[in-house]
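Colleague: Sequences and hints are given; from them, build the entire structure.
The listed protein sequences derive, respectively, from chains Y and S. If you're matching positions, the first sequence starts at 1 in the numbering used here and goes up one per residue. If you're matching positions, the second sequence starts at 1 in the numbering used here and goes up one per residue.
Derived from the structure by calculation, the hints contain no laboratory data. Just so you know, these numbers come straight off a predicted model, no measurement behind them. There could be a bad hint or two in this list.
Unchecked claim - Restricting the straight-line Cα-Cα distance to at most 20 Å, the calculated cross-link-like pairs of lysine to any residue (SDA-like) are:
id, chain 1, residue 1, chain 2, residue 2
1, Y, Lys17, S, Ser521
2, S, Lys528, Y, Ile86
3, Y, Lys85, S, Ala567
4, Y, Lys60, S, Lys528
5, S, Lys528, Y, Lys21
6, Y, Lys17, S, Ser517
7, Y, Lys60, S, Pro527
8, Y, Lys85, S, Lys528
9, Y, Lys85, Y, Asn104
10, Y, Lys60, S, Ser521
11, Y, Lys85, S, Ser521
12, S, Lys528, Y, Met28
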Amino acid sequence: MKKIEAVIQPFKLDEVKEALKGIGIDGMTIGEVRGHGRQKGHKEVYRGQEYNVDLLPKVKLEMVVSDSRADEVIKTLAAAARTGKIGDGKIFVYDVKEAIRIRNDDRGESAL
Amino acid sequence: MGNPHSSVGRVTIQQEFLATGDSVRALAQQTAEVDHVVTEAASGSLFPAAPAGVALLAVGGYGRRQLFPYSDVDVLLLFESENLALANKDAIAAFLQRLWDSRLRVSHSVRTPSECTEVHDRNIELNISLLDQRYLCGDRGLYAKLVEKLPRFITGNRNALIRNLSQLTRERHSKYANTFYHLEPNVKETPGGLRDYQLLCWLEQMRNSEPSRLAAAEPAPELQQAFRFLARLRCYLHCESGRDNNVLTFDAQDAAAEQWKLSDAAHWMREYYRHARNIYRAAMRQLESNEAQSSSLFSQFRDWRSRLANADFSVHRERAHFRSPQALDADPEVLLRLFEFVGRHGIQVSPEAEQQIEARHAKLREWFAEPRPIWPALISIFGLPHAPLAIRAMHETGMLTILFPELEQIECLVIRDFFHRYTVDEHTLVALQNLWSLRNAQEMPLKPYGDLLREMQQPGVLALAVLMHDSGKGTSGEGHVDASVRLAKTAMARIQTSPQHREMVVYLIQKHLELSSVMQSRDLFDPKTVRDVAHQVETVERLKALTLLTYADISAVNPHVMTPWRAEQLWQLYLMVYNELTRELESERIEIEASGPPQRLEFLEGFPTRYLRTHTEVEIDEHMTLEERSRRRGVAVDVRKLESAYQLTMVTTADRPGLFAAVAGTLSSFGMNILKAEAFANRRGLILDTFTFTDPSRTLELNPSETDRLRTTTERVIGGKTDVRALLRNRPKPSLPSRNARIQTRVVFDGVASSTATLVEIVAEDRPGLLYDLASAFATNGCNIEVVLIDTQAHKAIDVFYVTAAGGKIEPAQQQVLEQGLRRACEPLTEPRP
Numbered sequence: 001m002k003k004i005e006a007v008i009q010p011f012k013l014d015e016v017k018e019a020l021k022g023i024g025i026d027g028m029t030i031g032e033v034r035g036h037g038r039q040k041g042h043k044e045v046y047r048g049q050e051y052n053v054d055l056l057p058k059v060k061l062e063m064v065v066s067d068s069r070a071d072e073v074i075k076t077l078a079a080a081a082r083t084g085k086i087g088d089g090k091i092f093v094y095d096v097k098e099a100i101r102i103r104n105d106d107r108g109e110s111a112l
Numbered sequence: 001m002g003n004p005h006s007s008v009g010r011v012t013i014q015q016e017f018l019a020t021g022d023s024v025r026a027l028a029q030q031t032a033e034v035d036h037v038v039t040e041a042a043s044g045s046l047f048p049a050a051p052a053g054v055a056l057l058a059v060g061g062y063g064r065r066q067l068f069p070y071s072d073v074d075v076l077l078l079f080e081s082e083n084l085a086l087a088n089k090d091a092i093a094a095f096l097q098r099l100w101d102s103r104l105r106v107s108h109s110v111r112t113p114s115e116c117t118e119v120h121d122r123n124i125e126l127n128i129s130l131l132d133q134r135y136l137c138g139d140r141g142l143y144a145k146l147v148e149k150l151p152r153f154i155t156g157n158r159n160a161l162i163r164n165l166s167q168l169t170r171e172r173h174s175k176y177a178n179t180f181y182h183l184e185p186n187v188k189e190t191p192g193g194l195r196d197y198q199l200l201c202w203l204e205q206m207r208n209s210e211p212s213r214l215a216a217a218e219p220a221p222e223l224q225q226a227f228r229f230l231a232r233l234r235c236y237l238h239c240e241s242g243r244d245n246n247v248l249t250f251d252a253q254d255a256a257a258e259q260w261k262l263s264d265a266a267h268w269m270r271e272y273y274r275h276a277r278n279i280y281r282a283a284m285r286q287l288e289s290n291e292a293q294s295s296s297l298f299s300q301f302r303d304w305r306s307r308l309a310n311a312d313f314s315v316h317r318e319r320a321h322f323r324s325p326q327a328l329d330a331d332p333e334v335l336l337r338l339f340e341f342v343g344r345h346g347i348q349v350s351p352e353a354e355q356q357i358e359a360r361h362a363k364l365r366e367w368f369a370e371p372r373p374i375w376p377a378l379i380s381i382f383g384l385p386h387a388p389l390a391i392r393a394m395h396e397t398g399m400l401t402i403l404f405p406e407l408e409q410i411e412c413l414v415i416r417d418f419f420h421r422y423t424v425d426e427h428t429l430v431a432l433q434n435l436w437s438l439r440n441a442q443e444m445p446l447k448p449y450g451d452l453l454r455e456m457q458q459p460g461v462l463a464l465a466v467l468m469h470d471s472g473k474g475t476s477g478e479g480h481v482d483a484s485v486r487l488a489k490t491a492m493a494r495i496q497t498s499p500q501h502r503e504m505v506v507y508l509i510q511k512h513l514e515l516s517s518v519m520q521s522r523d524l525f526d527p528k529t530v531r532d533v534a535h536q537v538e539t540v541e542r543l544k545a546l547t548l549l550t551y552a553d554i555s556a557v558n559p560h561v562m563t564p565w566r567a568e569q570l571w572q573l574y575l576m577v578y579n580e581l582t583r584e585l586e587s588e589r590i591e592i593e594a595s596g597p598p599q600r601l602e603f604l605e606g607f608p609t610r611y612l613r614t615h616t617e618v619e620i621d622e623h624m625t626l627e628e629r630s631r632r633r634g635v636a637v638d639v640r641k642l643e644s645a646y647q648l649t650m651v652t653t654a655d656r657p658g659l660f661a662a663v664a665g666t667l668s669s670f671g672m673n674i675l676k677a678e679a680f681a682n683r684r685g686l687i688l689d690t691f692t693f694t695d696p697s698r699t700l701e702l703n704p705s706e707t708d709r710l711r712t713t714t715e716r717v718i719g720g721k722t723d724v725r726a727l728l729r730n731r732p733k734p735s736l737p738s739r740n741a742r743i744q745t746r747v748v749f750d751g752v753a754s755s756t757a758t759l760v761e762i763v764a765e766d767r768p769g770l771l772y773d774l775a776s777a778f779a780t781n782g783c784n785i786e787v788v789l790i791d792t793q794a795h796k797a798i799d800v801f802y803v804t805a806a807g808g809k810i811e812p813a814q815q816q817v818l819e820q821g822l823r824r825a826c827e828p829l830t831e832p833r834p
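Modeller: Laid out in structure tokens, this is it:
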């Protein structure tokens, strides 16, 4: 099993969700986060006062999928989240040791 | 070992109920059935062991003969003495076992008459359940003793009992967030549910009881009707789920609608909310009036508040009363004054006044259905510190839909999805509350929204937009935005909203989803996104109002939607669009289009595009007339009264350095306070400047001839016939700002924003004559003001100037000198600067 973590642009969330739904991925955790990578923030002046916008709003998606599906999910996710500009985000992939469904103690991929 | 009588009886009762929907009959039948089982069990197991000194009483809902199919059966075993009860322990156990075997959910208590007549702070239910006691079987003499003591006990301990009951109720209400607008309510426990109906009965009983007899409760007919409605639902839920289930889920709502062939579930749920509202409001009135009576500290405050009374209203116990309810008949507008009173002082309407209003609903509806100029009164109510409370009071007295019948369609309307927590009308009221609570926001990320709201010149216009923004949700067949706009237009025509405000409200409703949709689906850091939004909102005023409306709308969907993250995003969007709007002031110029009368095109050519955006067709026509007038003498000035300020418009072709400053100075010399100013110039060198100002000493209002004198003086100053410095010499010295002097002067130069001019943004403490001083500082430094946007918020002036020097941008060296001059101009003065 793989855990796929993606930090994407907020306005791409709906598109990414739709694309993942299209390949049968329904379950995911979504968080509102702030951050920046190499795309640093910028300054806005408002009424003579400087606003530093160094942490940009992003959305973080997390999902765990079976090994056999990981590549497909990553491809779909990347394609849907891409604009080609700086700030599109990143995808991280981790190995997952175990998954347990709390309700009935299912283990492994059947718990996904 | 089930009791065949009981289960068979239960099945028949339930079948009959499901067919007829008659819950009153079902409850009575169920009670009779259980009576039968209980008395039989008692004669079989209890009385043989204890033939005297024991009586059985039905209490609680069972005592009231309102036993729902799966409710607990509350039985009180009244024993003459504790010893007798102890001696019969086995018989009691056998009796209860028989009841359990009959599948009754018995909840029993064993008490002596004296235990029944003590206040039990930790077991309030026992005390209260006795209000509904009913004799079943056993020792009548013993029962008679209790019945004799009970009224004296209740009347003697009334206050303690009511206090305990209130506390219990408050705790229950807070579990349900103190609102009855739950999309999946618990028909028993939710505020406005059956429990609250019972509360009303108990309070009435306790209040009216005398030491010699217990009173019976007779709730108002609409409450009894509400009870029957809720009882039917609860009975249905019990039958359907086969247990004591009281939660009206979406599924149950659909199933019940189908069972009794009601219209769609969302529709009849509105009926549910109407009934729940009746019960809840009646219960709250009772609770509050009882609580108010028992708090001495509160009554001191109350007395202090009663000094707020005026000719129309008196204040008792923190509630507003009509001095003369008959005034409502003679002058229905007294109602508007009542809501103004509520909005100003935060004092709620008394139950008596509510009833007096309700009794006149038909007449009032008729009166307010006529087109009447009530907008000035409404906008002032809508702009008050407690406006949301005033609007809620309108809602609660039924006046909101009388003033705005357009809102009837969304009363108690359910939107079924996972996000919405409230009905549409409640959403609207919560949106207003959330918006107003921004006034006190001191921390990020909400503080800037608070600033925006405080800066609104007419918050009442925004409030009207919030009130109407979802009014179209109850209509089908057209989009809700279009429907809301249509309804708002009808309402505004009736209440005779000024065209300017009408335009703003329509715009806000039309676009109320725009910013959230941009936030959700567009890249905020793409310049095109920002430009597109800027083109849609067109002016800073609209952007501010739309941002606030968006905040209010999102935050009222449910309490968790407006996260700090989202608030920051919306603010980011505001910021970027704001900068776009103020920085493109000068860059875009109107180009001639092929159509339109030639004079008009000639006039418009070369004005900044902003001119078209900020002026209506009518205003442009007026400006053209003014321009024609100016041809004779090279100058024309117009002064007119706006709703809350005045406006001076000047047109001239004789531009010269310091012209703008001279006009600003003239206004100051008349004691006027400039709020806003804009300067435009077209390709032919025509100067068109507008100044919006207030008249703090009411000079123009009290001396009609002064308006003419202001106009001619301005014309003379522009024409160079009068020296503005001479005029200013006669002005009294402005007083120094004291505690309000908190605003730090900022002067920021931006050489990039515009291709031809330098942008100078100045934030300073506002004071009379400031604009004149700033404009003079530019003029004395050889700068020419190309475009200017002046804005004043409270005592803070935010001025953006686009200036050129020698036909180009200002050089860095010159900037330094200029900055010093501008900072000096911003300093508080003790005498006018020459």
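Colleague: Taking the hints in turn, state whether each one holds.
Modeller: Going through the hints against the structure:
1. For the given pair, Lys17(Y) sits about 13 Å from Ser521(S) by alpha-carbon distance, which is consistent with the 20 Å threshold.
2. With a C-alpha separation of about 16 Å, the suggested pairing of Lys528(S) with Ile86(Y) holds against the 20 Å cut-off.
3. Under the criterion of a C-alpha separation no larger than 20 Å, the hint pairing Lys85(Y) with Ala567(S) is inconsistent with the structure, at around 25 Å.
4. Using a Cα cut-off of 20 Å, the hinted pair Lys60(Y) and Lys528(S) is violated, with the two alpha carbons roughly 25 Å apart.
5. Taken as a hint, the Lys528(S) and Lys21(Y) pair is broken in the structure, with Cα atoms around 30 Å apart against an allowance of 20 Å.
6. About 17 Å separates the Cα atoms of Lys17(Y) and Ser517(S), which keeps this hinted pair within 20 Å; it holds.
7. Our distance criterion of 20 Å between C-alpha atoms is broken by Lys60(Y) and Pro527(S), whose separation comes to about 24 Å.
8. Between Lys85(Y) and Lys528(S) the alpha-carbon distance is near 14 Å, which keeps this suggested pair within the 20 Å criterion.
9. Using a Cα cut-off of 20 Å, the hinted pair Lys85(Y) and Asn104(Y) is violated, with the two alpha carbons roughly 45 Å apart.
10. The hinted pair formed by Lys60(Y) and Ser521(S) meets the criterion: a straight-line CA distance of about 16 Å does not exceed 20 Å.
11. Between the alpha carbons of Lys85(Y) and Ser521(S) the distance comes to roughly 16 Å, so the proposed pair stays at or under 20 Å and holds.
12. At roughly 32 Å between alpha-carbon atoms, Lys528(S) and Met28(Y) are farther apart than 20 Å, so this suggested pair is violated.
Comparing the model with each numbered hint stated earlier shows that hints 3, 4, 5, 7, 9 and 12 do not hold.
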